[in-house]
Each structure stands twice: as C-alpha cells, then as structure tokens.
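Student: Those protein sequences? They're chains A and B, same order as listed. Sequential numbering of the first sequence, starting at 1, is according to my numbering. Sequential numbering of the second sequence, starting at 1, is according to my numbering.
If you're looking for bench data, these hints aren't it; they were derived computationally from the structure. Remember, predicted model here, so these are calculated numbers, not experimental data. There may be inaccurate statements among the hints.
Claimed, not checked - Beta-carbon label-pair distances, calculated as ranges: (1) B:14 <-> A:11: 44 to 50 Å; (2) B:133 <-> A:106: 41 to 47 Å; (3) B:11 <-> A:9: 42 to 48 Å; (4) B:110 <-> A:106: 26 to 32 Å; (5) B:137 <-> A:88: 27 to 33 Å; (6) B:109 <-> A:101: 20 to 26 Å; (7) A:101 <-> B:34: 44 to 50 Å.
We put the CB at the ideal spot given by N, CA and C, even for glycine.
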Amino acid sequence: MIHVKHQVAFERMQDTLYIRLSGEIDHHSAVDVRVQIDEKLLSDRPKYVYLDLSSIDFMDSSGLGLIMGRMATANRYGGQLIVLDPSPAAGRMIRLAALDRVIQIQFSNTERRTSK
Amino acid sequence: MTATIDYTARVENEMDLKMPSRSVNEGFARAAVAAFCAQLNPTAVELADLKCAVSEAVTNCIVHAYRDGIGEIRLNVKLCEGRIVQVEIRDRGCGIPDIKKAREPLFTTDAAGERSGMGFTVMESFCDAVRVQSRPGRGTTVVLLKRLHP
Ligand SMILES: Nc1ncnc2c1ncn2[C@@H]1O[C@H](COP(=O)(O)OP(=O)(O)O)[C@@H](O)[C@H]1O
Ligand SMILES: [Mg+2]
Numbered sequence: 001m002i003h004v005k006h007q008v009a010f011e012r013m014q015d016t017l018y019i020r021l022s023g024e025i026d027h028h029s030a031v032d033v034r035v036q037i038d039e040k041l042l043s044d045r046p047k048y049v050y051l052d053l054s055s056i057d058f059m060d061s062s063g064l065g066l067i068m069g070r071m072a073t074a075n076r077y078g079g080q081l082i083v084l085d086p087s088p089a090a091g092r093m094i095r096l097a098a099l100d101r102v103i104q105i106q107f108s109n110t111e112r113r114t115s116k
Numbered sequence: 001m002t003a004t005i006d007y008t009a010r011v012e013n014e015m016d017l018k019m020p021s022r023s024v025n026e027g028f029a030r031a032a033v034a035a036f037c038a039q040l041n042p043t044a045v046e047l048a049d050l051k052c053a054v055s056e057a058v059t060n061c062i063v064h065a066y067r068d069g070i071g072e073i074r075l076n077v078k079l080c081e082g083r084i085v086q087v088e089i090r091d092r093g094c095g096i097p098d099i100k101k102a103r104e105p106l107f108t109t110d111a112a113g114e115r116s117g118m119g120f121t122v123m124e125s126f127c128d129a130v131r132v133q134s135r136p137g138r139g140t141t142v143v144l145l146k147r148l149h150p
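Looking at chain B on its own, in the form it has when it is part of the complex:
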C-alpha cells in the first residue's frame, strides 16, 4: 500500500491546531480532522478509519508522551492532490526509545493503565501509511497517510 502514496503530492488545503494534552481533547481532535476532511466527501468508513487513527495518536501524546503532566499537542492536516489526507500529530514529550518495538502489536509500557498495546496496529490498519519519528527526551511525530476513494 505504501508504494501507492506520493509523498510529494501538491497540498490543496491545510489546517493547524494546537491543544493541551487533556484527555477531553481526544474527541475534539478526531472530530476536527473529520470535519476538515468532509470537503473531500469521504465515505463513512474512511471517516471512521481516520477518526480512529487520529484518536490513537492523540491519546498516545496524552497517556505516554506527557504522562507526568500537560504539554502541547500539534495537529497538522493536509489535503493533497490525488485525494490523499496527511495528518501529522506532534508532541514534545518523552519520546520513544525503540520505535520498532513500540509498533509491535500488544506492546505497551502502560499495562496498569489498561492500555492494550494496539494503538499503532490500529493506525496501520486504518491508514495507508504511518511514519513515526521520535527522539527520547525531545518528542514524537506521527504522520498518518490515507488515500480516499477516487
């Protein structure tokens, strides 16, 4: 699937949001992304996929990146040529020491908090590509790419 995504596609519309890492913003973040993408007339399933993936990434900022306090979450959404939606979720939290390990299904560092370790698996299943960049102590950027039906 990844091969079909053109990373250099022209940006046709774009929006930015920033919010504190309060859990009440999980619902706001996914609803805002869905509302912005509505102009492309996505199917109900595509919208559900995007909302779920965004919810996972934003929740990770709240429960993992800023686990000891409140920090800033930045959200950037680009609608690109070829009906590609690109959502970037960025935090300046604790970072991920081993990204490959973190992306494995069922891997979690917070089992006590009833995390399932399925967040990255959900993002990968519901998007066409997921890129993760992270530096311990500096923060994490997750980029979700989804191509909508023609």
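Chain A with its partners taken away, still in its complex shape:
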C-alpha cells in the first residue's frame, strides 16, 4: 500500500510555535495535516506561528489552501503566521498564487534564498 508521505513536527518556545512540514502536500495529506495543526494552535494559542516549508518535496494548490487556512486559524485568536524557508516546490506555488502579498515569508539565511 501507499505510505503516508507527510509529516508534521512541532516545537514550542515561549510565545512561538515552530511547525515543520515535510514530504508531499496534496489534498490527501492536507486533510490530516490541517487537523493536526489546528488542534495544536487552538490548544496552545501561540502568538507567533512559524510554518517551516523547507522540507516540502511536492506541493500542489491544496498546499495553498492549507497555508491560508492555518493563517485564518491563527488570526482568529490573535496569532500571526509566518512562512519560513519555502522549498522550491513550495516556493513556486506561493509565487504563482502571489501568496507572498498576503502572507509573511522569512528566509533564515540568504544562502538558501540565492540557491533557489
């Protein structure tokens, strides 16, 4: 059978929640990822939510809905979502949808940025 190819890892530091997604983000995996993240956001209510997309190997437009939806979840309780280091697969979807205009995107170093 086909194995689950996505993974969500959380790390909490004071008022900041760091979420690292890896693997393939499509409609199939997004459903599960969404539930996991929303549960965590609504129980911890962190002020800053970093969504690390550096380990995403594949992402289609379902990933856009996933990002926007988590931003909405965070905004509803007064939290702020920041996308961190989008991989090439995630970055091109973000650019295509011009998500960089409505969402904060951070690169942890310039080396990564120029290697895209």
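Starting from the structure of chain A, add chain B with the ligands where the hints point.
Tutor: This is chain B with the ligands only, laid out in the frame that chain A set:
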C-alpha cells in the same frame, strides 16, 4: 504556446490506468505519470510541472466530480513525436456547467473545503496547453499537453 503544439503528432508510446476516486490515489497517479515519462529523460523541472498538473486534475475528480461518493478516474498518457506528453484525465462525475468560469484564477465551488481555486491556473502555468471538455451530469475530460526540451 498553444500554437507550437501539434495535436496530430504520431503516438510513440501509450499507457492507460483506471482507479477509484480515493484521495490516496492522488500521489499514485502523479508518480505513475512521472515514471512513464522518465523514458524521455525529462528535466527535474519538467517532471515537477507534470506531477503538479496531474495532481490538480486528479484531485478535481475526487473533490468535485465525485464529491458525494466514489467513481472511476481514467488516466491516459501518450508520448508523441516531438517529445510531446499528452495526459488525459477523465471522470464520469457531475460535470462543469461553466468551463470558462471554472478556469478563472481563484474560482472555486468548494471554499469550505479549503480549495484555493488555483487548480486550473496551475495546470495552465505548468503545461503548454490545457483542454477541458465537460457535460453536466455526464463528466469531464481534461487534456494536458507538455512539450519536453529537445
Ligand atoms: N472534474 C471536475 N468535475 C466537476 N467540477 C470540476 C472538475 N474540475 C474542476 N471543477 C470545477 O471547477 C472549479 C475550479 O477548479 P480548480 O481551478 O481546480 O479550483 P479548486 O479545485 O480549488 O476549486 C472547481 O471548484 C469545480 O467547481
Ligand atoms: Mg482543483
């Protein structure tokens, strides 16, 4: 871009797949298309483009065409003369009443399901041509055409 595609190009290799509209098959469908196209030595970007476009079309069958149940998805891939890849994705689901509207960026009939309305835009951006045929109540056929580097 569309003008550079020869729709009547000779078919050099071909494969067919059919699968039920279960979301777990999204990953299988795009991986199968990529594996079949590997014989043309596509670039990594070309493969990523094809996988993304196929994923969009197959996901649409699952979330829109057969939104109330499980139906059959058919996938046909043709490798044509001139390094043209043609992928046909067919469902017998609910159909699209207004194709022009459906293809507009951000248009979605399923905002509650966190759809972005960017599926057709992705297909159009990552392929050289996208054809859509649909009849309400009968189903939808999407054809993706992509010319690989010489
Ligand atoms: N195979 C299909 N069967 C029925 N409706 C479809 C199909 N594909 C697309 N649609 C319709 O076209 C709209 C736009 O599709 P798309 O651009 O992929 O955006 P999204 O899937 O995010 O809604 C969908 O919301 C749906 O109404
Ligand atoms: Mg879609």
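Student: May I ask which of the numbered hints given earlier this structure violates, with the numbers listed in increasing order?
Tutor: When the structure is compared with the hints, numbers 5 and 7 turn out to be violated.
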